[in-house]
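Given chain A, put chain B in place with the hints provided.
Number of protein chains: 2
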Amino acid sequence: MAPLSERQSSKGEATRARIVQRALELAARVGLEGISIGELAQDLGLSKSGLFAHFGSKEQLQLDVLDLAAELFRASVFDPALRAQRGEAKVVRLFENLLAWVHDRGQPGGCIFLAGAFEWDDVPGPVRQRVVEWFEKFNAAVARAARGAVEAGAFRADLDPELFASELHGVVLKYHLELRLLRNGKASSLARRAFERLLADAR
Amino acid sequence: MAPLSERQSSKGEATRARIVQRALELAARVGLEGISIGELAQDLGLSKSGLFAHFGSKEQLQLDVLDLAAELFRASVFDPALRAQRGEAKVVRLFENLLAWVHDRGQPGGCIFLAGAFEWDDVPGPVRQRVVEWFEKFNAAVARAARGAVEAGAFRADLDPELFASELHGVVLKYHLELRLLRNGKASSLARRAFERLLADAR
Numbered sequence: 006m007a008p009l010s011e012r013q014s015s016k017g018e019a020t021r022a023r024i025v026q027r028a029l030e031l032a033a034r035v036g037l038e039g040i041s042i043g044e045l046a047q048d049l050g051l052s053k054s055g056l057f058a059h060f061g062s063k064e065q066l067q068l069d070v071l072d073l074a075a076e077l078f079r080a081s082v083f084d085p086a087l088r089a090q091r092g093e094a095k096v097v098r099l100f101e102n103l104l105a106w107v108h109d110r111g112q113p114g115g116c117i118f119l120a121g122a123f124e125w126d127d128v129p130g131p132v133r134q135r136v137v138e139w140f141e142k143f144n145a146a147v148a149r150a151a152r153g154a155v156e157a158g159a160f161r162a163d164l165d166p167e168l169f170a171s172e173l174h175g176v177v178l179k180y181h182l183e184l185r186l187l188r189n190g191k192a193s194s195l196a197r198r199a200f201e202r203l204l205a206d207a208r
Numbered sequence: 006m007a008p009l010s011e012r013q014s015s016k017g018e019a020t021r022a023r024i025v026q027r028a029l030e031l032a033a034r035v036g037l038e039g040i041s042i043g044e045l046a047q048d049l050g051l052s053k054s055g056l057f058a059h060f061g062s063k064e065q066l067q068l069d070v071l072d073l074a075a076e077l078f079r080a081s082v083f084d085p086a087l088r089a090q091r092g093e094a095k096v097v098r099l100f101e102n103l104l105a106w107v108h109d110r111g112q113p114g115g116c117i118f119l120a121g122a123f124e125w126d127d128v129p130g131p132v133r134q135r136v137v138e139w140f141e142k143f144n145a146a147v148a149r150a151a152r153g154a155v156e157a158g159a160f161r162a163d164l165d166p167e168l169f170a171s172e173l174h175g176v177v178l179k180y181h182l183e184l185r186l187l188r189n190g191k192a193s194s195l196a197r198r199a200f201e202r203l204l205a206d207a208r
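Keeping their order, the protein sequence lines are chains A and B. Start counting the first sequence at 6; every next residue gets the next number (the numbering used here). Start counting the second sequence at 6; every next residue gets the next number (the numbering used here).
The hints are simulated quantities; they were obtained by calculation from the structure and are not laboratory data. Don't take each hint at face value.
Remember, identical chains collapse to one label, so a pair may be satisfied in a single copy or spanning two.
Heads up, simulated SDA-like pairs for lysine to any residue below, C-alpha to C-alpha not over 25 Å straight-line [what the hints assert, rightly or not]:
{"id": "1", "residue 1": "LYS191", "residue 2": "ARG202"}
{"id": "2", "residue 1": "LYS63", "residue 2": "LEU31"}
{"id": "3", "residue 1": "LYS16", "residue 2": "ARG135"}
{"id": "4", "residue 1": "LYS142", "residue 2": "HIS108"}
{"id": "5", "residue 1": "LYS142", "residue 2": "GLY190"}
{"id": "6", "residue 1": "LYS191", "residue 2": "GLU76"}
{"id": "7", "residue 1": "LYS63", "residue 2": "GLY158"}
{"id": "8", "residue 1": "LYS142", "residue 2": "TRP106"}
{"id": "9", "residue 1": "LYS63", "residue 2": "ASP127"}
{"id": "10", "residue 1": "LYS63", "residue 2": "GLY43"}
{"id": "11", "residue 1": "LYS191", "residue 2": "PRO131"}
{"id": "12", "residue 1": "LYS16", "residue 2": "GLN26"}
{"id": "13", "residue 1": "LYS63", "residue 2": "GLU38"}
{"id": "14", "residue 1": "LYS63", "residue 2": "SER41"}
{"id": "15", "residue 1": "LYS191", "residue 2": "PHE118"}
{"id": "16", "residue 1": "LYS191", "residue 2": "GLU141"}
{"id": "17", "residue 1": "LYS142", "residue 2": "GLU44"}
{"id": "18", "residue 1": "LYS63", "residue 2": "SER52"}
{"id": "19", "residue 1": "LYS142", "residue 2": "ALA58"}
{"id": "20", "residue 1": "LYS53", "residue 2": "GLN134"}
{"id": "21", "residue 1": "LYS191", "residue 2": "LEU164"}
{"id": "22", "residue 1": "LYS191", "residue 2": "ALA148"}
{"id": "23", "residue 1": "LYS142", "residue 2": "ARG197"}
{"id": "24", "residue 1": "LYS63", "residue 2": "ARG34"}
{"id": "25", "residue 1": "LYS191", "residue 2": "PRO129"}
{"id": "26", "residue 1": "LYS142", "residue 2": "GLU167"}
One chain only, chain A, in its complex shape (with noise of 0.2 Å):
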């Protein structure tokens, strides 16, 4: 049997996790700033001061909210996008997994990082850096697998990877707010027929 003070630590981990998921859960509904520490505190059978402890500041539960995100997304957007072959194939899989992103996590709530995106982006401070590096990181991502595309061949030399990056998150942007807003029924297909005009341009 482990020691008895990592066993606590290992408890004192399992709830802080636990207490991360369940914010992440409520933030995608109400946002990073509507996290009350009151309401999750209530929901998981803890005390204010007991589940405050864990963190010392609610933007430091925010953080770990946010890096919880970015590891499910990381799971569910980038990981098997990466086993895709080099190419388009891989640039497919990645436009796919986005939607797919957008349509099942956090029903109801949407995708945190867009959340985020409108919530801080007057809000100075470490919330906001943190949500900026992440976005900053996830264009670089999306404009290396089109590099990998123009490199395999697939797309043509001159293509410019970043622009392409930047169009390819705009039809998920607005795939956002007619799925999850309008509850448009078009708004996969019109995704979809964006991003094939986008494909056909960059071969």
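Frame of chain A, contents of chain B only:
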């Protein structure tokens, strides 16, 4: 001089308009839900109950804020585009006005409809409904401009105006994210190049 009741009513209207204007500025920064009656009252030198009496509910104030934003949007984006010649010029004008709206409106703050889109997508009720109706009208108006360009012979006959409008809006959404959250110095050039590709494919 106007009768007393009329003067009182017009004074009431002016106060109400001043409250809604200030609430819009606040909402652009903190979201519609973040509007605090107490903060508003303090800002405007009114009592909370006096301010509240003008609307009867926070929800009514939120609806009034959206209606004011819709008026400003129409005056900044749609009205000037209406005066442009039908055809490609009108579509280009609409796009440029949209970029200017995202760039200029509510510094700091960003577009209140987009903030609303991500804040309210899972909150049923009249505010969500108002945001949804606004975006539906917006989509229809952009598609109408694209249809006008087809009818004027500037865009190809088999262009799908709804798809074109959806793609154009995707470019604007990405521009908002890059400009306001990421403060990407290339936001504008990426948006314009994406739009140029859209136009080239539409001709």
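Violated hints, by number in ascending order, as checked against the structure = 3, 6, 7, 17, 19 and 20
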